[in-house]
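J.: Spelled out, the chains give:
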Amino acid sequence: MKALRTPEASPTKGAYDELVTGQGTIRYHWQALLSVVRSLPGTGFAGRVERARLQLVEGGATGIATPDGAPPVEAWTLEGLPLVVSPSDWRLLEDGLTQRARVLDAVLADIYGPQRLLAERVLPPALLHANPQFLRPCHSPDSSSPVRHLVTYAADVVHMPDGSWAVLADHTQAPAGAGYALHIRRTLARALPEAFRAVAVRDIGPFYEQWQETLAELATGGRGNPLIALLTPGPYAQTYVEQVFLARALGMTLVEGADLTVRADGVALKTLEGLKHVDVLLRRLDSAYCDPLELRADSTLGVTGLLGAARSGKVTVANALGSGVVEAPALAPFLPGLARHLLGEDLRLPALDVWWLGEKPALDHALAHFDSLVFRPAFEAAPSGRPAPSVPDADRRALYDNVRAQPSAWLAQRRVVPSVAPSWSGEGLRPDPLILRLFVVARDGDYTLMPGGFARTPASDPLALPGRLDGQLRDIWVLAEDDADVVIPSSARFQRLAVQRGVDLQSRIADNLFWLGRYTERLDNTARLTRAALSRVALGPMGPRDQTELRQLTRALSDMGLIGAQEALAPPDSMLLTQTLTRFTADGRPIAETLRAIKRLAASTRDRLSADMIAALDALLGAMNRRLAAARGDVDRQLAALDDLIRFVATFAGLSQENVTRGAGWRFLDIGRRLERSHFTCRGALSPFSYTPLVWESAMRLALELCDSTITYRTRYLGALEPAPALDLVLLDDSNPRAVAFQLQAIHHHLAELGRTTGSTVDFAAEPHVGELRDAVMMFARDERAWRHEGLALAQLRHALDRLEQALGQLSDDLTRNYFSLVPASRMLGLPVV
Amino acid sequence: MRYIVSHRTSYRYAATVDLAQHIAHLRPRAFPGQAVTDCTLLVDPPPNAHALHTDHFGNLVDSFRIDQAHTVLIIEMRSHVDVALPIPPDPDTTPPWETVAATLASAFPASVTAAEFTHPSPLVMIGPEAAAYALPSFPAGRPILAGAVDLIHRIRTDFTYTPGATDVSTPLDEVFARRLGVCQDFAHVGIAALRALGLAAGYVSGYIRTYPRAGGAELRGADASHAWIAVWCGPEAGWVHLDPTNDLIARDEHVIVAWGRDFSDVSPVRGMILGGGAHHYGVNVELRPMQAAPAD
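Order-wise, the sequence lines are chains A and B. Under this note's numbering, the very last position in the first sequence is 834; numbers go up by exactly one each time. Under this note's numbering, the very last position in the second sequence is 1296; numbers go up by exactly one each time.
Okay, chain A solo, but in the shape it has when bound (with noise of 0.2 Å):
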């Protein structure tokens, strides 16, 4: 092992260091760890690390979805070493934080409540009327019910040069990075098992029993099956997929505001089976975005009345709304004195040499020692703080002006020099500066702290925004100090895990999912019909056969609305032709707009889809994307993007085959699908049927073509076309899985399910389609003179498949009035004053 550098003059200078003492010997509580890292075979640890960062990256756990466009952002990168903690350090962190826990409860309950400590100043009231979390709405003065307003609190910790701990931010309105923690736990048992074997690191899974516990218990109509949701901003929310770790971890529902109403006696989750009482909402959107009526009206994530129906206790919202108020920075400098105040206990955890300048003594303090000290506005829990010294002149002017201007609105603060751990680098070990996230949960009156969590290396300044999660997280191994960590779990929380096994599909998300069916089938149709154009352009020199056949599908593709008329008009062999085809994916293009929806789809639908589905997705959406870009204007490319487009859409169909429970949402992407799919063979696929002059041959080869059924045509009809067999091969044979009557009978199996399971129906009666369609191919198949010459058979085929998409179009209406449509979405109204 190499020996540790520490730069001189680094911002690390100074630092309180994790692994070696003063006298460069490894700390005792490291040597366990050490050796297994040193003993690993192969390639050894950086290559079990590397493994685990891919799969971090595969599984999307270090993503972030941006709207439009933009691929995902990879927020965080995992540092396979643990922070080791001792069971001594570990006391402190603990005592510390749960009586910490327990103060800025009581300071919310006071707050929201009688403000008793305004009027006996303890905390000046600047710090409540100027801080923008400070929510009135929220405030109940006459209100003397003890609703528990901390329930999750986490805190940014950070160990100081002299071996003390401090906290650098608290998080209460609605914390968090627990999901992500029992993620990166995982991640790592599976890349080190031999570690975990070697040292003896306390488990955190009970961690979120004790959390589910305690949600279950804050259910107020004491019912025994509590429903229990997470409320989320949604897909584009930064933390969305750790949300998403979270709810499956607590074993709950997550749901968006517009999943939710409130009805007379509560909150309701608009599932398919209609609407369900909401008991508990865990709850990751901010409060100020909660309730467009009484809070901020132009929040379109909250819920109408959500304020009104927790005030009068119908529903609990965890943590309460306006929890937020306690996350100013200003506040903690009057912890000492609240602690003392409300529980008559000292602070464990000392707070930061930090001043409020709202008081003329700090001020002049800190004006005196203006260029040493760092300052940070009052009231962002986000501070953009920057320490005097490194600012340029003319903003310390500023800055020093603005302090003086309103000096209430400001901190200062000496610099927190974080303590350092070893990173692996290439070269060997680098120390890091860290700051622990760690996570609080209310339990039996008390508080009690997860033995681990992550500590975090950002990305840029150690100080700024601690309330973002991105750089470098690793985990924190709290060593167990004797059996008494291992928890096992009591007989009572299996009953209670038992029960809560049923996960209701909200509306909004098989929606989402019927609507990612049709349009992942809709790319795959595109993209056969651009496919089948661009390959006969691709021949080179055509003859008479192949420029029929390309002008039929530059036909078909403009009647579908994929070309304009102009292009579908061009001479096969014209430049016109082929760039149009080969920039069909150009941004406005319909496929650039499937993807766009798909990429909208999958990203509100993620939570539902299995991890490989959700890797097809990101393939197609990502790297798919960027090909079919990269391939504009050059037929062979174009044509081998178009390939492997049809084979990602083929892998994601397959694999919600395969990997799917046959639940309803798995019900409504797959009716999506094969909606489309019979939507496309009507309209597209067929649609040479209904051209002027009719190229029969032309006509049944594209069909069949499109239809993906040549080679079954050519193996049972050998080579020879008529219309009957080839119509009813993609028609009516319900063996060949891209035939219409196979799709509709799927449909109407589905829609049977559904209505046994939801209690509620929708009618749609394949047969009399299949039997119209029956009829016509029937007509095809006397002599040759009747169907080629007559007429009547193509009127009875046009007929019939007129009317197929008429049904289809009204399905998908009848489908959303009927599941996904509860509850609308409302709007505001005021009134004038003169």
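Hint data in this document are derived by calculation from the structure and do not stem from the laboratory. Honestly, I wouldn't trust all of these hints.
Estimated spans, in silico, between C-beta atoms of each pair [stated by the list, open to error]:
id : chain 1 : residue 1 : chain 2 : residue 2 : range
1  : A       : Asp142    : B       : Pro1086   : 23 to 33 Å
2  : B       : Pro1128   : A       : Ala368    : 22 to 32 Å
3  : B       : Ser1106   : A       : Asp371    : 22 to 32 Å
With the Cβ distance kept under 10 Å, some of the chain A side facing chain B (calculated, not the full set) [to be verified]:
id : residue
4  : Pro141
5  : Ala297
6  : Gly308
All values derive from a computational prediction rather than experimental measurement. We treat Cβ as the ideally placed atom computed from N, Cα and C, and that holds for glycine.
Dock chain B against chain A, hints included.
T.: Okay, now just chain B, sitting in the frame of chain A:
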């Protein structure tokens, strides 16, 4: 003075409203110098859920929800109110405004309640134009109430009362620029000016008597909700209510419904509806003295 107050709001929707949730600051609250009895609030169609609570500022808030389809919504409040706001001190005997501002600026101010009204609020951001507008009324050492009375006189003189020229979404800097508006804008201007000096000023919503005064001009803002300001004049004088729209100190011709930092804290009716299409509203306010009502 004892009044019978009624306030009837009606909404007529072009299309059916399937579901509606409203919150209303319509019931007059008790206040030093004001007592309220026999207050009722009727909603038609009858709500499926209706709750009454006291908000952060001590105002009464009705929140109700209507699940049945409707095309007309009527909210009617009736109450008896006795008003006799404390006789304000002689303006020249009130403390210098700087003294009051210093009291409020302390980390632990003399009045917690008043201190809250020194900060910017959602509709009253405090810009340089507010401070510039305030200063001529507040030369060094001027008694606070004398300065405030001068300020509202100047607002009444400098700003043109123009119903319809502004609405609830008109930003304050536009009001400053165009120098016109209605009572709500006048109140916000006064509040911004006072807060720019570090003074405490609140937004009061209520009603003003609806009949002409003997020998006096008819008061403005009588046909709907009215608004004025309350300014804190130090621990002894406390809050004094000033009406910049009518350039007077409120005594017994103003009935207080609710107060807050600005309009956004006390909006009379707010709602979220489902459906409805275009809507028309009608407001009818009456404030009649209980004895010696003049013949209509």
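J.: All hints, please: hold or fail.
T.: Hints versus structure:
{"no.": "1", "hint": "Asp142/A / Pro1086/B: 23 to 33 Å", "result": "25 Å, holds"}
{"no.": "2", "hint": "Pro1128/B / Ala368/A: 22 to 32 Å", "result": "29 Å, holds"}
{"no.": "3", "hint": "Ser1106/B / Asp371/A: 22 to 32 Å", "result": "28 Å, holds"}
{"no.": "4", "hint": "Pro141", "result": "6 Å, holds"}
{"no.": "5", "hint": "Ala297", "result": "8 Å, holds"}
{"no.": "6", "hint": "Gly308", "result": "5 Å, holds"}
Going through the hint list in order, the structure satisfies each hint without exception.
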